[in-house]
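Chain by chain, the residues run as shown.
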Amino acid sequence: MTAVAGAPAATTAQRGTHRSTKPRRRGKSPVLTLIMLVMFGYAVLPLFWLLANSSKTSADLFSTFGLWFGGDFHLFANIADTLSYNNGIFLRWFGNTVLYSVVGAGGAALLATIGGYALAKYDFPGRKLLFAVVLGAISIPGTALAVPTYLLFSQIGLVDTPWAVLIPSLCSPFGLYLMRVYAADAVPDSILESARIDGAGEFRIFRTIALRLLAPGFVTVLLFSLVATWNNYFLPLIVLNTPDWFPLTVGLNQWNAQANSGTSGAVDATYSLILTGSLLSIVPLIIAFLVLQRFWQSGLATGSVKQ
Amino acid sequence: MTAPATELRPAGARGLARPFLRLRVAGYAFFLPFFVVFLITVVAPLLYAIYLSFFQDRLIGGTVFAGLANYTRAVGDALFGAGLLRVALFLVVQVPIMLLIALGCALAIDSGRLRWPSLFRITIFMPYAVPAVVAALMWGYMYGDEFGLVGQIGDVFGVTLPDLMSRSWMLGSIGNMVTWEYVGYNMIILYAALRAIPEELYEAAEMDGAGAIRIAWSIKLPALRPALLVATVFSIIGSFQLFNEPNILQKLAPSVITTSYTPNMYAYNLAFNGQQINYSAAVAVVLGLVTVVVAYVVQLITARREQTL
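Chains as they are written, first to last, in UniProt numbering: chain A, 1 to 307; chain X, 1 to 309.
Output of the computed footprint for chain A on chain X, the stretches with three or more beta carbons under 8 Å from beta carbons of chain A:
id : stretch
1  : 116-124
2  : 263-273
Computed spacing ranges between beta-carbons, pair by pair:
id : chain 1 : residue 1 : chain 2 : residue 2 : range
3  : X       : 82        : A       : 290       : 40 to 46 Å
4  : X       : 39        : A       : 102       : 20 to 26 Å
5  : A       : 27        : X       : 254       : 52 to 58 Å
6  : A       : 41        : X       : 154       : 15 to 21 Å
7  : A       : 38        : X       : 72        : 47 to 53 Å
Think of the hints as simulated: they come from the structure by calculation, not from any bench.
Where a beta carbon is used, it is the ideal one built from N, C-alpha and C, also for glycine.
With the sequences and hints as input, model every part of the structure.
In C-alpha cells:
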C-alpha cells in the first residue's frame, strides 16, 4: 500500500520542474471520489445489511428496517445459537471447510508453483504442448466436469468421503498459468546458473532459492485457490450426502431449504441462523485478504497479467 | 528460454550431455505432480463424459451404444436451447457492464486523483471473498418485496417497488448479484496490469503534452488489453457455468427458476433428479464446446496479433 501511494510521489519529486504540466499530479478530484463513494456503498451496503441483521432477534428481523440495527444487540446470542444448533453442526461444517480449503488450496498452490517453475525455467521437450493443454483446460467449465467426476468417484468408492472434495481442489490450471508467468520474471536465470556452478542440486536450488523468490506469486495463487475452495458449492453438493461432511456453503443452503419449507414458527429462527452463519463464514476470508494484501497484490502486479 | 549455459560451466568438469539431461529430468520431475493431478481431475472426467455421452440407458437391453443420438437430442432440446439463450442474453448484458465498471474503478484508483485509493481498492474487492451461496442468500432476502429490504424501502416511500424475484426481473437480479461479486476481482486484475506499466511511458507522453484522458486512452488501455482479454474470457466461461446463484434462488422463487433455468442447472437436474446420466453428459459436453468456441472466437476478434502464450 505504501509502495503504491509512494511511487507517483517519488517521481514527482525527481522531476519537480514539470509539475504544472502534469495533469496526473494535479491534486484530488472530488467528483471522482464521489463516484467511487457510490461504488463503495454498492460493495459494502449488502455486507453491512448482513451484519445489522445478524445482530437482530428473530422478531426484529421482520419488523425493523433492514439497513439499521434492531432494538437489542443480539449478535452474540445469535452466534451462540448458530454454533449450538443441531448439536453444533455449524462448527463441524466450519471445520470441514477449513480442512478442504487448507489442504485443497495449499496443495493446489504448491503443485502450481512447482509446475509453473518447471515450465518457466526448464527447457524440456513437450513443454509448450503441455502448457497449451493445461491452458486449454482453463476454458473447460469446471461444472461440466463435476457430473463425470461424481460418476468416476462413485465407481472407486470415494463419493461421500472428504477425498471427493479434496482431490479435485488440488488442480488449479489458472494457478499454473499465473506461476509460469510469475516465475519467468521473478527467478533470474543467472542465479540458477551460479547455484548450479556451485554444485547445488536442482531440488535444493528450488527449495532454497526459487521458492523464496516465488513467495508473492505463491501467496497470490494460494489466496485465489483458498477462495475457490472455501466458496466451492457445486462439487460438494454433488459428491457429498452426509451432512457431517458438508462444507459451510452446502450446509447453509440446507438451512435455507429448511426455512423455506418448514412451519412458520421454525422459519423465523432459521433465518437468524442462516444470516449469522453467513456472516461467520465470510469473516475468515476477508481477514486472510486483508492480512496478506501486500503479498498478493505485489504478486499480481509483478507477474500475473504481464504477457 | 533457459538455454543451459554450458559455456559458463568450467570446461571438462562434466560431460556436455549430462547437465542437459539433468535439467530435462528435473523439468519433468517438477512438472509431474501437477500433471498427475491434472490427469485425474480434468482429463479423466472429460474423457469419461465424452464416453458416457455416446450411450443410452434403455428399459430393455440396458446401456447400449447410441452413437450421436444424445447429441441430436440435445441440439433439438427446447429446454436446453432456452437455457443457452438465457445465459447468452445474460452474458451480452452483464459482462460488458461489469467489465466497464471494473475498468473505470481501476483507472480511477490508478489515476492518483482519488482520495483514499487503497480504501476503495480493498472494499470494492471484498465481495469477491463472499461465497456465491452467501451472496445469493443475502441478495435473495434483500430483494424480497415483503420482508426484504426492497419491500421496506418501498414502505418508507409509500410505494410498491417491483418484485425483483419475478419472471421479468429475475435475470437482471442475478446479473446484479454476479456483478457485485466479481466487479472487484476484475478491477484488481486490471489494476495490477496498470501498475505494471513502466512509469517512463507516462513521462514521455507528458513531455509530448498528453493529458490524463489521452494517456488513459493511448497508453493505459492498450497496455490493459491482455488483462481485459483474460477478464473477458473468464467472465464468458463464468456466465455459461452459471449455477450457484440460480440454484440458491430456486428455493426462494421456485416458480420462476425452473430446473432448466441455466444449461448447467439442466445438466445437474438431468443427472441427479432425472437419472438421465448419459444425456446429462452429452448436454455438459455441448455446453463445454459452446463455451470454448465462444471464448475462442472472442479471443480471435479482440487479440488480433497479440500473443497469448
